[in-house]
Amino acid sequence: MTYLKSFYIKDFFTIIAGLALFTIGVTGFILPNKIVTGGLSGVAIIIKYVSDFEVWKTNLIANAFLLIIAFYKAISKEFVFRALFGIGMLSLMFMFGENYLQPYFTENPWVSDSFLSVLVGGVFAGTGLGLVYSANGSTGGADIIGFLVTKYYRISLARIMLIVDVLVVISSYFILEKTEDSLEKTILGLVLLPLMWQMVENGNERSATISATIHIFKAL
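In terms of our numbering, the sequence shown is residues 1 to 220.
Treat the hints with caution; some may be incorrect.
[Said to hold, decoys possible] Using C-beta positions, here's what the derived DEER-type ranges look like:
id	residue 1	residue 2	range
1	F53	G88	36 to 46 Å
2	R154	T106	36 to 46 Å
3	F81	S112	39 to 49 Å
4	A17	F81	18 to 28 Å
5	V111	L148	37 to 47 Å
6	F12	I170	34 to 44 Å
7	K10	V50	37 to 47 Å
8	I163	V50	18 to 28 Å
9	I155	F65	15 to 25 Å
[What the hints assert, rightly or not] Below, in silico cross-link-like pairs of lysine-lysine (DSS-like), each with a Cα-Cα straight-line distance of 25 Å or less:
id	residue 1	residue 2
10	K57	K185
11	K57	K34
12	K48	K185
13	K151	K77
14	K34	K48
15	K34	K185
16	K10	K77
Treat the hints as calculated values from the structure; they're not laboratory data. In this text, all values refer to a predicted model and were calculated from it rather than measured experimentally. For glycine and all other residues, C-beta sits at the position ideal for the given N, C-alpha and C.
My request is simple: use the sequences and hints to build the entire structure.
Right under this line is the structure:
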């Protein structure tokens, strides 16, 4: 189990801290304003708006399916272990956030303006993801899809994830019920993406993840 040796204690705490910030950003600021983010979290948010099925349940079920595929396709045990840890922790935090943080922030918003709320949520979520990736962690979803694609095709992980993010946000406009502010919320979702990505890339966290991917696949 050499893959466990590379997962230092500081990595656990860094990933947990990052997931906590991401959860605050999503459940405290983004969900109360009915904004859709990218990735699997965005898909889970769309499902929640349509069916009221909780985000954490979709996150857990969909990622379990993706992890089975990842393991079957012989992605490294180190990545699968880190993804499993991140997915489990994020699902637990989302469960807490949806049951406690979202109702609280809906009744007691830190900022009343939707645009400012998206900015604050983006800073929290982006900083959180940055911490997760700085420790070579994973939140599952688009991460797993990206790793699967990069194993067979010469396309960067960052590009795959950005494409997935944009497609999820744009699709929300056509899937969700049309209201007067539907277009505004879709635009806010698109504004949120580069903000979160900038927060992630400030410390070259994505580069660290991509470098780790190359190292892992070379070892296969």
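Going down the list of hints, with the structure as the test:
The hinted window of 36 to 46 Å between F53 and G88 is violated, with their beta carbons roughly 19 Å apart. Look at R154 against T106: about 45 Å separates their beta carbons, and that is inside 36 to 46 Å. Separated by about 43 Å at the C-beta atoms, F81 and S112 satisfy the suggested range of 39 to 49 Å. For the pair A17 and F81, the supplied restraint of 18 to 28 Å holds, since their beta-carbon distance comes to about 19 Å.
Between V111 and L148 the Cβ separation comes to about 38 Å, which falls inside the hinted range of 37 to 47 Å. Checked against the hint of 34 to 44 Å, the pair F12 and I170 passes, with Cβ atoms roughly 36 Å apart. The given range of 37 to 47 Å is respected by K10 and V50, whose C-beta atoms sit roughly 40 Å from each other. Under the hint 18 to 28 Å, the C-beta atoms of I163 and V50, about 23 Å apart, fit the expected range.
The hinted window of 15 to 25 Å between I155 and F65 holds, with their beta carbons roughly 23 Å apart. The straight-line distance between the Cα atoms of K57 and K185 is roughly 24 Å, inside the 25 Å bound, and the hint therefore holds. A distance of roughly 18 Å separates the Cα atoms of K57 and K34; the hinted pair therefore holds under the 25 Å criterion. Distance restraint check for K48 and K185: the Cα-Cα separation of roughly 16 Å lies within the 25 Å cut-off, and the hinted pair is therefore satisfied.
Our distance criterion of 25 Å between C-alpha atoms is met by K151 and K77, whose separation comes to about 14 Å. The suggested pairing of K34 with K48 holds, with an alpha-carbon distance near 10 Å, which does not exceed 25 Å. About 7 Å separates the Cα atoms of K34 and K185, which keeps this hinted pair within 25 Å; it holds. Restraint check for K10 and K77: the C-alpha separation of about 20 Å stays at or below 25 Å, so the hint holds.
Checked against the numbered hints above, the structure breaks only hint 1 and satisfies the rest.
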